[in-house]
Amino acid sequence: MTATAEARDIATAAAHAAVDKKATDVVVLDVSEQLVITDAFVIASAPNERQVGAIVDNVEEKLRIAGHKPVRREGAREGRWVLLDYVDVVVHVQHDEERSFYGLERLWKDCPRIEVEGLGNGQEPGADPDAP
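By UniProt numbering, the letter at position 74 of the sequence shown is numbered 74, and the numbering carries on one by one without gaps.
Some clues are possibly wrong.
[What the hints assert, rightly or not] Computed list of lysine-lysine pairs in DSSO-like fashion (alpha-carbon distance at most 27 Å, straight line): (1) Lys22 <-> Lys62; (2) Lys69 <-> Lys21; (3) Lys22 <-> Lys109; (4) Lys62 <-> Lys21; (5) Lys22 <-> Lys69.
Rather than coming from a laboratory, the hints here were simulated on the basis of the structure.
All chains, full assembly: derive it from the sequences and hints.
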């Protein structure tokens, strides 16, 4: 079993929305083989709490426009690790320190990555990753 097409579309939109607000190290994981409660994780990070908040706000806004509303939002007040639960997709936006400490990619290392064009270390969608 792999992530549904709808989950992949939501995850892709969330990843691009995060990159639009300068999120770094954006990763999309297909966790459908490991979890029955969701299909994909989007993991993104930022160097400070204000940036985490801006990323979260943009993800929520872009997905709301696309017709998706999170059923749960946690951690927004602290701004260190915000979780947006869209049922089929869970978006994690973490402060760089939390990202390094908790290592979600290490916890879910057996899950395949969903390739999303234009992602990579905070670059804008469609940017050349080899450009200076």
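**Q.** Hints violated by the structure (numbers, ascending)
**A.** Result: no hint breaks.
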